[in-house]
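S.K.: Sequence:
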Amino acid sequence: MGMIGLYIDTNLLIEEIPDCWNHWEFLAYLNLGNNNLTGKIPLTLGYTNLFMLNLRNNSMFGQLPSTLQNSGDLVMLDLSGNHFSGSVLAWIGDKLSSLVILSLRSNNFDGHIPHKICDLQFLQNLDLGHNNISGVIPKCFSNLSAMATKNKTNNEVSAPIKIDYYRIYFKALLVLKGRRDKYGSTLGLVTSIDLSTNSLTREIPKEISSLVGLLSLNFSGNLLTGNIPDNIGNMELMESLDLSMNRLNGEIPPSFSNLNFLNHFNVSYNNLTGQIPISTQL
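Numbered per this note's numbering, the sequence shown spans residues 128 to 409.
Think of the hints as simulated: they come from the structure by calculation, not from any bench.
A couple of the hints might just be wrong.
[To be verified] When the alpha-carbon atoms are kept at most 25 angstroms apart in a straight line, the in silico DMTMM-like pairs for lysine to aspartate or glutamate are as follows: (1) Lys167 with Glu143; (2) Lys167 with Asp237; (3) Lys277 with Asp246; (4) Lys243 with Asp200; (5) Lys222 with Asp200; (6) Lys277 with Asp146; (7) Lys266 with Glu330; (8) Lys266 with Asp221; (9) Lys266 with Asp237; (10) Lys167 with Asp200; (11) Lys243 with Glu330; (12) Lys167 with Asp136; (13) Lys266 with Asp357.
The task is simple: from the sequences and hints, build the whole structure.
M.R.: The following block contains the structure:
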């Protein structure tokens, strides 16, 4: 059997990634994060059987190659901290149906969030923060079923992959509670949505409150208007909620008092009025 995992992260690698990956038929884990790599994603990476692709924190650019549509076994795709551009492609939700982690943070992606993203039934960590994304927050986020199940003690997801054959250990970087935390596990992750620092408009859809398994939600730094959803208190496991630097108005809804696990709450720089609801966390 050939090489299964290649980890060359956190070094001083430079220049472009060689385009020769079609010969690595057994490669499942590729981590080239935290280097000084440039250039585009090699087309031949789409002809592998990768479970994990981590290219975070490099200087890569260009659009996502269409060949990545062939990577249907991907569980983790982390391209954050680069200069990738173009729209967030709808085929991610259609072709990469096994994704548990999708991080495109801190790039130059634009356009709207495609509704096909809502088809990712195993997704636990969605990070599109710090891009140029516009439009509205899709109501169909309520279809992200892995985030809609309460399971405080063990939030593992049974993705359709050969877990018994390949033991999956990876680390997900989340922006949670105002700092960067590392979580290492075997697919048991802090469920999180981060759409911060984009140009999203209109109201926060009330359907978001059906994601009762979500532990971290960050919509800060957008152009959101309207009220905080009345049923926000349904998300009882929430630990971190950041809606700051928007144009929200109205009062903090009374159901907020149901968020008993909340330890980071930021709604600064909005137009909120009224009283702060009584809560064990305040």
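S.K.: Please go over all the hints and tell whether each is borne out by the structure.
M.R.: Going through the hints against the structure:
Simply put, Lys167 and Glu143 have alpha-carbon atoms about 7 angstroms apart, close enough for the 25 angstroms limit, and the pair holds. For the hint linking Lys167 to Asp237, the alpha-carbon distance of about 18 angstroms falls within 25 angstroms, and the restraint holds. For the given pair, Lys277 sits about 19 angstroms from Asp246 by alpha-carbon distance, which is consistent with the 25 angstroms threshold. Among the hinted pairs, Lys243 with Asp200 is consistent with the structure: their alpha-carbon atoms are about 17 angstroms apart, no more than 25 angstroms.
Restraint check for Lys222 and Asp200: the C-alpha separation of about 9 angstroms stays at or below 25 angstroms, so the hint holds. Restraint check for Lys277 and Asp146: the C-alpha separation of about 43 angstroms exceeds 25 angstroms, so the hint is violated. Of the supplied pair hints, the one linking Lys266 and Glu330 holds, its CA atoms being roughly 10 angstroms apart against a limit of 25 angstroms. Annotation: proposed proximity of Lys266 to Asp221 holds, straight-line Cα distance about 18 angstroms (limit 25 angstroms).
Between Lys266 and Asp237 the alpha-carbon distance is near 19 angstroms, which keeps this suggested pair within the 25 angstroms criterion. Between Lys167 and Asp200, the direct Cα distance comes to roughly 21 angstroms. Compliance with the 25 angstroms bound is thereby established for this hinted pair. Taking the CA atoms of Lys243 and Glu330, the gap is about 20 angstroms. The hint holds against a cut of 25 angstroms. Between Lys167 and Asp136, the direct Cα distance comes to roughly 17 angstroms. Compliance with the 25 angstroms bound is thereby established for this hinted pair.
For the hint pairing Lys266 with Asp357, the CA-to-CA distance comes to about 15 angstroms; that is within 25 angstroms, so the pair holds.
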